[in-house]
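Colleague: With the sequences and hints as input, model every part of the structure.
Protein chains in written order, with this note's numbering: chain A, 3 to 271; chain B, 3 to 271.
Simulated from the structure, these hints should not be mistaken for laboratory data. Hints are supplied without guarantee of correctness; some may be wrong.
[As the list claims (entries may be wrong)] Pairwise CB distance ranges, derived in the manner of DEER restraints:
no.	chain 1	residue 1	chain 2	residue 2	range
1	A	172	B	129	18 to 28 Å
2	B	64	A	41	58 to 68 Å
3	B	234	A	5	41 to 51 Å
4	B	103	A	228	30 to 40 Å
5	A	232	B	157	41 to 51 Å
The beta carbon of each residue, even a glycine, is placed where N, CA and C say it ideally should be.
Number of protein chains: 2
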Amino acid sequence: MIAPIAVWVNGSPALNGIDAMDRGLNYGDGLFETMRLSNGSIRFLDSHLVRLRRGCERLRMSCPEELLLEEINRIAGDVQDAVLKIVLTRGHASRGYRPDASAELTRILSLHALPAEISADALKLRWCTMRLSRNEALAGMKHLNRLEQVMAQSEWQPEEADEGLMLDTAGEVICATAANVFIVRDQVLITPDLRYCGIEGVMRAQVIGAAERLQVPLSIEPVWPDDLADAREVFLTNAVRGIRSASSLAELRWSETSMASRLRGALNL
Amino acid sequence: MIAPIAVWVNGSPALNGIDAMDRGLNYGDGLFETMRLSNGSIRFLDSHLVRLRRGCERLRMSCPEELLLEEINRIAGDVQDAVLKIVLTRGHASRGYRPDASAELTRILSLHALPAEISADALKLRWCTMRLSRNEALAGMKHLNRLEQVMAQSEWQPEEADEGLMLDTAGEVICATAANVFIVRDQVLITPDLRYCGIEGVMRAQVIGAAERLQVPLSIEPVWPDDLADAREVFLTNAVRGIRSASSLAELRWSETSMASRLRGALNL
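Modeller: Structure below.
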């Protein structure tokens, strides 16, 4: 195990860990954000906080934004390059699914070394067998119910592939296990519609915004496995790893990376 | 908050809580069992362990059954009536969805007072708005991804209803938020097919077994909301609360409780 550089719980170093009755642990009742610290500042912090706030609204939790901002500054202030993860749970409460409005949310901030393969490009992709379930009420959120991603990643060893693409139970291509996916076809940039499942990635939102500014034709639409065969270029987006081009998926091969490069430039990545 | 009577983590009193990197907390990567201690012994312990073992197999976790049995005996040995909850997670590991085969599972055992309304009957039911997502790969397991149940229970206040029935995204009736559901129609005992979602409850399995022994005609099949209108009797099952008859659901009313009574008798509840 690679231990985190540091962990803080509710603003203090996590000497005593998390209460065993925490609802994040018992039910996955909470949200998280994984952010890239680069040259001493958090990349796209505002977008992360917007998503966290929206997730809190949908889960009917208050969002302790000011506390989090203060703690982020305290913890990440002197750090140059790292990953900062925030987990926000509905706190610890009595046994039972019903939320306890009087419970104080649990804030967990942890600082991690950058992944080793951070700038890897020419990604080798595979198809995952594990499907994503559909539920509009939970779609888009970065909540803590992530067994589907866990089981998907357990399907292959790191040396066999860099990432796995996931379909939902209806067969639509939704995302990679820990990244959103974009394809370029007939000069149009296409990314899957996430109305039923998937996470609305912060880097995905940045890429969509950059495409609009660059006047790149963009379509957010259902994507099917056959669409990958017709794609001229494929890349993945993730807040920590940025924009990474794919070079293969099963028998498919891509060498085109110009759209990814252009977007990376527009976003100063 | 009603605090648990006691909590043990990996066999010791939980003085220091759970590691913030625990995969149960970060991804809901684990399973749980909620068991009824009655007159000093755990009701249907074997069935709980069978389900836990099957869940471990499906999640590709080893099941520390002997350790758990030893700890259950140590913790629950002197207790007459209570709720014993086991949470088993894939332990704490580096950041990232990929399971770490070298991580030691986390075992959390907690002892709780019986719920106040334990023997309540004539349940007032409601329909939940929150739907259950469908995924055969996760259906049936009592895993820690329970946001759908949390959000469903947050739809009403305890004084408005005793339980809520949940549909899946295709509109089938699957279960209550924390119980399985049975209906009686034309002398046939019917319970929803859980091939796509829902939890295979220990009390549900006991009721199915008892119905077979009593030669009650039984059908496990898709159930639709209209089937409730045609039901002569409706009851819920839960390992802690047993078998409880429903008296109403929206505009529907039931007074029949004979099948529930018969099954309760057969199971010595």
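Colleague: A separate judgement is required for each hint: does it hold in the structure or not?
Modeller: Hints, verified against the model:
1. A/172 <-> B/129: 18 to 28 Å: Because 25 Å falls inside the window, the suggested range holds.
2. B/64 <-> A/41: 58 to 68 Å: Since the Cβ atoms of residue 64 of chain B and residue 41 of chain A sit about 43 Å apart, the hinted range of 58 to 68 Å is violated.
3. B/234 <-> A/5: 41 to 51 Å: violated, 59 Å
4. B/103 <-> A/228: 30 to 40 Å: holds, 35 Å
5. A/232 <-> B/157: 41 to 51 Å: holds, 43 Å
The structure is inconsistent with the numbered hints 2, 3, although it conforms to all the rest.
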